[in-house]
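Okay, here's what each chain looks like letter by letter:
There are 2 protein chains.
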Amino acid sequence: MKDVSIIGVGIHKFGRFDDEPYTKLGLDATQMALRDAKIEWKDIQIAFVGCMYLPATSGVRTLTQLGKTGIPISDVESACATGGTSLGMAAMAVGSGRYDFALALGMEKMPRGFMDPTQLYEDWQIKTGLSQNPMYWALTARRHMAEYGTTIEQLAKVAYKNHKNSVHNPNAMYQKEFSMEEILTSRLVNDPITLLMICAPNEGAAAAVLCPTEIARRYTSQPIRLAACVQTVAQYAADFRVPAKSISARVSPPPVTKFTADKAYAEASLGPKDIDVVEVQDTDAFCEIAAYENLGFCETGEGGRLIDEGVTEIGGRIPVNTSGGLISKGEPIGASHMGQIYHIVKQLRGEAGALQVAKAKVGLAHVLGAGGNCGVTILTR
Amino acid sequence: MKDVSIIGVGIHKFGRFDDEPYTKLGLDATQMALRDAKIEWKDIQIAFVGCMYLPATSGVRTLTQLGKTGIPISDVESACATGGTSLGMAAMAVGSGRYDFALALGMEKMPRGFMDPTQLYEDWQIKTGLSQNPMYWALTARRHMAEYGTTIEQLAKVAYKNHKNSVHNPNAMYQKEFSMEEILTSRLVNDPITLLMICAPNEGAAAAVLCPTEIARRYTSQPIRLAACVQTVAQYAADFRVPAKSISARVSPPPVTKFTADKAYAEASLGPKDIDVVEVQDTDAFCEIAAYENLGFCETGEGGRLIDEGVTEIGGRIPVNTSGGLISKGEPIGASHMGQIYHIVKQLRGEAGALQVAKAKVGLAHVLGAGGNCGVTILTR
Chain D
820 MKDVSIIGVG IHKFGRFDDE PYTKLGLDAT QMALRDAKIE WKDIQIAFVG CMYLPATSGV
880 RTLTQLGKTG IPISDVESAC ATGGTSLGMA AMAVGSGRYD FALALGMEKM PRGFMDPTQL
940 YEDWQIKTGL SQNPMYWALT ARRHMAEYGT TIEQLAKVAY KNHKNSVHNP NAMYQKEFSM
1000 EEILTSRLVN DPITLLMICA PNEGAAAAVL CPTEIARRYT SQPIRLAACV QTVAQYAADF
1060 RVPAKSISAR VSPPPVTKFT ADKAYAEASL GPKDIDVVEV QDTDAFCEIA AYENLGFCET
1120 GEGGRLIDEG VTEIGGRIPV NTSGGLISKG EPIGASHMGQ IYHIVKQLRG EAGALQVAKA
1180 KVGLAHVLGA GGNCGVTILT R
Chain P
820 MKDVSIIGVG IHKFGRFDDE PYTKLGLDAT QMALRDAKIE WKDIQIAFVG CMYLPATSGV
880 RTLTQLGKTG IPISDVESAC ATGGTSLGMA AMAVGSGRYD FALALGMEKM PRGFMDPTQL
940 YEDWQIKTGL SQNPMYWALT ARRHMAEYGT TIEQLAKVAY KNHKNSVHNP NAMYQKEFSM
1000 EEILTSRLVN DPITLLMICA PNEGAAAAVL CPTEIARRYT SQPIRLAACV QTVAQYAADF
1060 RVPAKSISAR VSPPPVTKFT ADKAYAEASL GPKDIDVVEV QDTDAFCEIA AYENLGFCET
1120 GEGGRLIDEG VTEIGGRIPV NTSGGLISKG EPIGASHMGQ IYHIVKQLRG EAGALQVAKA
1180 KVGLAHVLGA GGNCGVTILT R
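If you're matching them up, the sequences are chains D and P in order.
All letters in the first sequence, in the order written, are residues 820 to 1200 by this note's numbering.
All letters in the second sequence, in the order written, are residues 820 to 1200 by this note's numbering.
Simulated from the structure, these hints should not be mistaken for lab results.
Keep in mind that a hint or two might mislead.
No copy is singled out in the list; a pair is fine if it fits within one copy or between any two copies.
For lysine to aspartate or glutamate, the following DMTMM-like pairs were computed, each having C-alpha atoms within a straight-line distance of at most 20 Å [stated by the list, open to error]:
#	residue 1	residue 2
1	Lys-887	Asp-1081
2	Lys-983	Asp-862
3	Lys-1082	Asp-862
4	Lys-983	Glu-996
5	Lys-1082	Asp-919
6	Lys-821	Asp-919
7	Lys-861	Asp-847
8	Lys-1092	Glu-1132
9	Lys-887	Glu-941
10	Lys-1082	Asp-822
Please model the entire structure based on the sequences and the hints provided.
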């Protein structure tokens, strides 16, 4: 495989845009990425469009508005990890040598209100009441609290950090700081998770232009190298688990985030200690704590300590979700990972403004969702 | 890119299977392909699952039933050309050198009754009444008849040939021969297309296992080489057009089937004269006549003559839709192209039974659908 780099990124703010069709969201992100890459739409040779709740051929109907250039345009989907797939396929298209310029676009308009669990969950999950994410993850949070002493205040601190970061991210949905008390006393969704600790399904888009690293400097002075882009599916039935102290790690496969991250670290020849800035799947505040552990930033059970010590704040040793995370940005599923990529690219270029992590050279983005779909991307400058 | 071959194929009969979930259809086709390739599920390193009407993460929920091996499994979609994308992505995964064994699976369960046109068509198409395929294609058929003297009997002959072939294809939905009179007098769908001239949306699955050509003979004595696998999107607004005598071919881009086929022929270093057996998108009988012309088997306007002269029958110079085509098999969208691939592989191996085309060495499969999505695959033995 050829080495692949990102030469342009674009985004449409995440939020709710009743008057804008999904095509508008996708086009805005794509045109911004093309301008950033200093190439034109006619230069793109293949496109992968991640979306989950949009109608068939959404990618074609969006991108052909820029010109009917005849290139293959495919919709792809892997639940919350969809963006890993669109980016991974675009990277493979360029890496294979078959295409020089590929577009990875993620875009989404999600339905409001109750989501039909039969669309995403297995029969046993529905029958046991574990058919909506908040229920599932609340249980895993409670288990972690019981096993390792993680506290509800630590969960709230994750939400506090992310909401605080989002104030400086114009592409986040909320952009509002909340006090610890506001977070802790906001409406209970599923004990112990409150409304301000959980992400909202919403709308948005983000895109990246990829080309072989060997020609990337013709287009930008700051190409961002795709050091690893790994997608996997969990090796166990439930999407999320808490490794219990009482159960030997040897009796079952690793959590899918650890499994995926280990592959990505190997591919990039890097380890957790080399990572300068991180975006993770904080579907709720506990998910971020679990990600700290499974991405190798601390030992199992020590995620709560990391947030207490400020390690994952901007200025800390491993700033996590400097964009504000899904908790403040919302999660437009198809666009989620590409939105993380947009933000990490900005960080590695030194263009993250008030959110900038000093001297960031290596970034990691992580997504995880229904079906156990997981993606970990490592970017370097 | 490495050279890529198919070492195993599998299929679940196309039809309507109220008692079988889509996962069963997909698993049956996959297990048959794995047995055919003489490898096990744990050997597969990446999978692309084409589907259009199934819920999110259908591929994961189907294939992980064979074992949670942790490999990436992505749903992909390009309307009626979906199978081209799943096969093309699997080919790129192997061709890039990143994976040795890839699975391309197509599976579908389509809704019955009226399909919501807003899901697939542009506003102007709905407003002009061109919002369902039969309406669209009936107009193109009528235009071809006016321009080139194509007759309704020639359309009926296409349906006659395909239904007749299907009697020997156990995987076709109808498997029933109809007389010319039955076809011509069956219920009119959209003038001039009658019910027995048009395909039915239905259910089914088909799969292929791919590996580098350099190791393919370890698994099968008859690997089938993927000489070309090209996907494109039409360069004009409407999906289907009839090149009018009165308009110079130079004023507009070629029909998307010609555009795609020319790329595939170039990639395979082969031409229309080299093709021994063909499967095309016969959504209705006229579509097959248009395909004859756009795939280069005759000049524009001469498609009707080809069917009159028996050129595309088994025993003719270029047998087309020896499987019975979509007209008799039905069109489970996600599975459609992979079903064609299954049948072409059988032909090239000499395993097509009563439908066998003598000495078939080169096969071509073609799909075309909403959004102008098109795929042409060329296989050689």
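Hint check results:
no. : hint                : verdict
1   : Lys-887 - Asp-1081  : between (41 Å within a copy, 18 Å between copies)
2   : Lys-983 - Asp-862   : neither (39 Å within a copy, 47 Å between copies)
3   : Lys-1082 - Asp-862  : between (32 Å within a copy, 18 Å between copies)
4   : Lys-983 - Glu-996   : within (5 Å within a copy, 70 Å between copies)
5   : Lys-1082 - Asp-919  : between (26 Å within a copy, 17 Å between copies)
6   : Lys-821 - Asp-919   : both (10 Å within a copy, 17 Å between copies)
7   : Lys-861 - Asp-847   : within (16 Å within a copy, 42 Å between copies)
8   : Lys-1092 - Glu-1132 : within (16 Å within a copy, 66 Å between copies)
9   : Lys-887 - Glu-941   : between (40 Å within a copy, 15 Å between copies)
10  : Lys-1082 - Asp-822  : within (17 Å within a copy, 26 Å between copies)
Of the numbered hints listed earlier, the single one contradicted by the structure is hint 2.
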